[in-house]
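Participant: Assemble the whole structure, with the sequences as input and the hints as a guide.
Residue numbers (the numbering used here): 664 to 850.
Hints in this document: simulated from the structure, not taken from any laboratory.
Since we're looking at a predicted model, the values are computed, not measured.
Where a beta carbon is used, it is the ideal one built from N, C-alpha and C, also for glycine.
Each hint should be verified, as a subset may be incorrect.
So the derived label-pair ranges between C-beta atoms look like this [stated by the list, open to error]:
id, residue 1, residue 2, range
1, V737, G818, 52 to 58 Å
2, R689, I743, 49 to 55 Å
3, Q839, F730, 56 to 62 Å
4, T696, V716, 30 to 36 Å
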Amino acid sequence: MHNEMISEGSATVFSNKHIQTSELPRLQELALTPISRRYRIINLSAISAIALVLLSIVTALRFQPLFELPEDLVFAYPYICSVIFGLAFLWATYHFFADTKITYAVREQDVSKQSGLIFRKLSCQPILRVQHVELNRGPLERWAGLASLQVFSAGGEMYTFEIPGLELEKAQKIRQFILDHKDVSAR
664 MHNEMISEGS
674 ATVFSNKHIQ
684 TSELPRLQEL
694 ALTPISRRYR
704 IINLSAISAI
714 ALVLLSIVTA
724 LRFQPLFELP
734 EDLVFAYPYI
744 CSVIFGLAFL
754 WATYHFFADT
764 KITYAVREQD
774 VSKQSGLIFR
784 KLSCQPILRV
794 QHVELNRGPL
804 ERWAGLASLQ
814 VFSAGGEMYT
824 FEIPGLELEK
834 AQKIRQFILD
844 HKDVSAR
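Facilitator: What follows is the structure in structure tokens.
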């Protein structure tokens, strides 16, 4: 079945033709670019720092001379340290492998991001539907020369997706490309 609507004296044409799924482009052929390796180093460093701070606080409380802790807390000290170390190890192991799986692609008409270690997720945002693009840089990202690019979809309050760990210059170029492309496409 073939639907088509043509307005007289207007350039607006509506069609709803059937498309063969075998003719659609394959997403596996999407040329994805990995994010910076420094992003993983920042994450692993932050996890290590958080674990060390927590272990230091627990150890300082355990061995402080001002007051005596209840015997149950003294007995629990090695278990608390083990739990902190175990959670930090699991968190770091996840980031060690998952951060290398974050990739992105910028094409003429859309921006895509793929991520996930166990459950893979591919998000594609048509540039014409982009409301705005934000460049975010926390203190560690500024120190490493990295930035995160947040792509906001039209009609949504939250960002559609975020591409973390981009080198600052590359993130600025992608942001400017999207903004320039929106201006050209809107005419």
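Participant: With reference to the structure, classify each hint as holding or not holding.
Facilitator: Verification of the hints:
For V737 and G818, the hinted distance range of 52 to 58 Å is satisfied, since their beta carbons lie about 57 Å from each other. Here the CB-CB span from R689 to I743 is close to 51 Å, well matched to the stated 49 to 55 Å. The hint said 56 to 62 Å for the Cβ distance between Q839 and F730, and at roughly 59 Å that hint holds. Remark: the range hint 30 to 36 Å for T696 to V716 is upheld by a beta-carbon distance near 34 Å.
The structure shown violates none of the earlier numbered hints.
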